[in-house]
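> What follows is each chain in one-letter form.
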Amino acid sequence: MIRIKCPYCGLRDHSEFNYIGDATKLRPINPELANDDEWFDYIYIRDNPRGVHQEYWQHISGCRSYVKVLRDTVTHEVLKTGLPSDDLLFSYEAEK
Amino acid sequence: MFSKKNKQQIRRLSSGGLIDRSKPIGFKFDGKPLMGYVGDTLASALLANNVKLVGRSFKYHRPRGIYTAGTEEPNALVALRTDARTEPNTRATNIELFDGLEAKSQNRWPNLFLDVMQINNLAGPLFTAGFYYKTFMGMPGWHFYEYFIRKAAGMGSTELERDPDTYDKKNAFCDILIIGGGPTGLSAALSAGRTGARVLIIDSSKLLGGQLIWELDQIDDKPALQWIESALKELNEMKNVTIARRTTAFGYYDSNVVNAIESVSDHLPTPEPHTVRQRLWQIRAQKVIIATGATERPLVFSNNDRPGIMLASAARRYANQFAVKPGNRAVIFANNDDGYKTAVNLAEKGIDVRAVVDSRTYVNEFWKTKLDELGVELILGSAVINTHGHFGLTGVDIASLSSDQKSTSSQSTFISADLLAISGGWSPNVHLYCHAGGRPQYEASIAAFVPGLRSQSEYPAGASNGAFSLIDCITEGTNCGIQLATELGFSKTIFSIPQTDEPSVTPIKALWRIPGKGKKFVDIQDDVTESDIKLAHQEGYISVEHLKRYTTLGMGTDQGKTSNMNGHAIMAEERGEAIETVGTTMFRPPYIPIAMGPLAGRDIGQSYSAKRKSAIHNWHHENGAIFIDAGQWLRPQYYLRNGEANTTQNMDLAITREVKGTRGNVGMVDVSTLGKIDIQGADSSEFLNRIYTNGWTKLAIGKARYGLMLREDGIVFDDGTTSRLSEHHYFMTTTTSNAASVLSHMEYCLQVHWPDLDVKISSITEQWAAMAIAGPKSRDVLQKTIDEEDLSDETLPFMGVKQISIDGIPALIFRISFSGELAYEVNVPADYGEYVWRRIMEKGTTDNIIPYGTEAMAIMRIEKGHVAGGELDGRTTPDDLGMNKLISSKKEFIGRRLLQRDGFLDPKRPKLVGLIPTDGKSRIRTGSILVKDPNASLPMPKLGHVSSGAYLSPTLKHPISLGLITGGSKRIGETVWATSPLHGEINEVKIVDPVFYDKQGERLNG
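Quick note, the sequences are listed as chains D and X, same order.
Here the working numbering is used: position 69 in the first sequence is 69, and no number is missing along the way.
Here the working numbering is used: position 447 in the second sequence is 543, and no number is missing along the way.
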């Protein structure tokens, strides 16, 4: 059981959340200007890192917020959580 | 009569122990009536009655007795209770004796004393590691042998009847969870509790105190039991401390979540009324103190498995806690001080202790003097090299050990004994520490693996941390409690560490195996011997993980609690490497075998998953609806009329009746299950524009529009109609099955992609009941039902939306059609759903209104060539479905860019068509593969598949299907074959336009 701190609701069981996926990919801000490679990368290419990873979880049985989660894929430890707009990896590294 | 009962318990001591001699209990073992006392375990009661033989071993069917006194028991596994409550492989050492208990031995046929399969023992050399696979797998006919091999192997057998008991789940939260209520756990609870921290302490027994319950230690010059009592008194008075008894932690998971099983009623014949059998605890703790103690190890020597051989601590425990003599003439064999403690305890209880055999050459004066006083012979530097007896031990052979422990003297001495108490040292119970992610490390000074680095917030303390003396346990427990409470912000309190009376310790000298011939059992439950480990090494299975799987070492129900350390150390010796290099296997949950009941809890049968019923459900139920599961929803599939039996024929009649009634007059279907999403905010139009493929900015207020939604990769995601209720307010509908995923997708877009948009969305599926009224007379019926409004074409044209009222109930009415008929969808607040449905049915009686279910709805949509789940299968593009006109070229939307990729423009992509069997009557199975030539050689080239179908279109009087086929509409007029090889079906079908009925759409106008 992973426990995740929702920015709005506090620490909750992962069973209240839906795992969504990789949060490191940004949708092209200007869709018409992005080229095929950028679209291909955004839609299909996902890293499967061993270690620290930023991902989205939706607090589906709670406030329905999308929560950005910085998680260690080896230990499952949740290192940091925040809003979709937060760069958790950056602030995590900075704090270290 | 009472005295007669007492006589049965010939091994019971006349005084002492924590049993209640005023409360005798009757129980049965293998059908034989026996007596015990309240406070006994099944194992102690069996020993009290001189029952030594309790089972047969797994592979060799050797006679086995009670080997331990606790959770680690590998041998004394019984089938507890009878009939539906039968519980196989239950440890006799853990079962609290209750009145009327019935237990049966396992793994024997026809009975314990005459077991046919013991022939395996004589054939012993054959049954080495990997025997079955080496012998049978290469030979033809494995399937034939497998039946007999499986029958001969295995542990207990399960009941097939439904479990009559109920199980529960519980969530718990605390600052500090303490697992284990021994001296360490109690000390930690006291020190942490005194700071005010919220403490939960759990213990698998009824009695807290752990090993102190049955040891004769003194604390502050008083019996340890008094210290336990005062500790419990203080803990009970603390409001911030909770004590859970009979609760065993079996798994340590991520985020410091610990799961435990509470045996609520296992000590009773059947649970009390309205109580559960067991309860699953899910505990979320900030800090976890692991105070789970240690487990004694056996020694590995020839024939070390006979009934009458048991762990030294177990012999002590039976004598001290249960006032049972585990034997009359005892020999003790140890490589550590535990042997002396046992010898003194047993001798003081009046047991004839013949000798203490110590493999070490030195022991301190304290124990020497003690043995002298009690007249017990001390044999140093020696080992038990063999044992005698069949159904029970009769004696042991003792020889002196060489200094390297690798050989013994050729001369041996026989000592007659019916009890051999053995101790190979103690292994800390690192299981939960391993679950948490920890890697144990070898500690040579105690010859055992101890916890290493911390992975989560788990804090092993006391014996489970390798600190075996009582004073160390109390000190570590106290300090750990204080430290963790302080870390959590609770203030320190004053405390003191009590005094104990322990003698100094002579260090253990590791002794992993004793030279000699004959079977030397390492894993006594799985019948894995020392020679199996040697064989594994010889054949290259030298890693501990391979060793485990090749020999089954540690794979029994006890998960190697007594055997792993010895087994891994023997492998290290064979490899000639250090134990720390060879390592140990990791422990995984569960720590003890767990029944499925508490894991399922109440989520069984009808409660397995939520059932969603629409607001109109009762009416359907009263009016002959046969329901079908649509996700969690129950939807009417079709309606039977008075007295009709639910047969295939009547189903077909009902469906035909519903289609004809709707197309001929008027029908009504409950569409409350459609997903409904309320969209509000200044940017709502822009938002819809971005998530739908078609344009939304120009939709007039009071109008509905069909919308198509794509995934980012260009595949069709969902469709539905969305209506504009006011400038910044929309009412969206989705398909029933995608309601949740569409909502999540929209939330994702709003929160992650476009947080700048001023849009708020909310699911309103359950707030609104919806019903579609279709057919040429639908307007008439609705006009009669509503309060005032005019429903003429002028005021409510096709795709129009109106807010009206029915008997004062506000209703939203959409003029949309799925059936192709003149149709309306009426949405009312859910609480009024059934009322409004009944009103419409009443008003429609004279127009012969008929309710219709999902079957008739599906047939009518196929007749109209409308796509649904079968076509929106996660592989189709808008172009595949003939929906290119819904793709706006003037704007951006989700999925637009990927629509243009090469694969989607391939002219060979299967596209939507209609299909009719050429014979006009064959039923075409959905999922059938479309091929050009059914006699072509395999693999047969595939042209497409049948995506949905109606076995009979009542309107067209023949079967119709929709399918996706390469070439699509270019093939109209061709014939191909629909094949379903699994069902042996091959039918010729003609390709036609997907709109089978009313191609011009004239019926929409009534």
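You may find that some hints are simply not true.
[Said to hold, decoys possible] Restricting the straight-line Cα-Cα distance to at most 30 Å, the calculated cross-link-like pairs of lysine-lysine (BS3-like) are:
(1) X:Lys265 with X:Lys613
(2) D:Lys5 with X:Lys856
(3) X:Lys1053 with D:Lys25
(4) D:Lys5 with X:Lys588
(5) X:Lys1028 with X:Lys880
(6) X:Lys856 with X:Lys880
(7) X:Lys986 with D:Lys25
(8) X:Lys613 with X:Lys335
(9) X:Lys756 with X:Lys588
(10) X:Lys613 with X:Lys630
(11) D:Lys80 with D:Lys5
(12) X:Lys987 with X:Lys794
(13) X:Lys605 with X:Lys588
(14) X:Lys898 with D:Lys5
(15) D:Lys80 with X:Lys613
(16) X:Lys960 with X:Lys799
(17) D:Lys80 with X:Lys266
(18) D:Lys5 with X:Lys335
(19) D:Lys5 with D:Lys25
(20) X:Lys960 with X:Lys981
(21) X:Lys986 with X:Lys1053
(22) X:Lys335 with X:Lys200
(23) X:Lys266 with X:Lys318
(24) X:Lys1086 with X:Lys960
(25) X:Lys799 with X:Lys707
(26) X:Lys880 with X:Lys981
(27) D:Lys96 with D:Lys80
(28) D:Lys25 with X:Lys987
(29) X:Lys302 with X:Lys466
(30) X:Lys266 with D:Lys5
[As the list claims (entries may be wrong)] Computed beta-carbon distance windows for the label pairs:
(31) X:Glu673 with D:Tyr44: 30 to 40 Å
(32) D:Glu95 with X:Gln595: 22 to 32 Å
(33) D:Val74 with X:Ala726: 52 to 62 Å
If you're looking for bench data, these hints aren't it; they were derived computationally from the structure.
Glycine included, each C-beta is placed from N, C-alpha and C at the ideal position.
> Honestly, which of those hints from before does the structure not fit?
As far as the earlier hints go, 1, 3, 5, 6, 8, 9, 13, 14, 15, 21, 22, 23, 25, 26, 29, 31, 32, 33 are violated by this structure, in ascending order.
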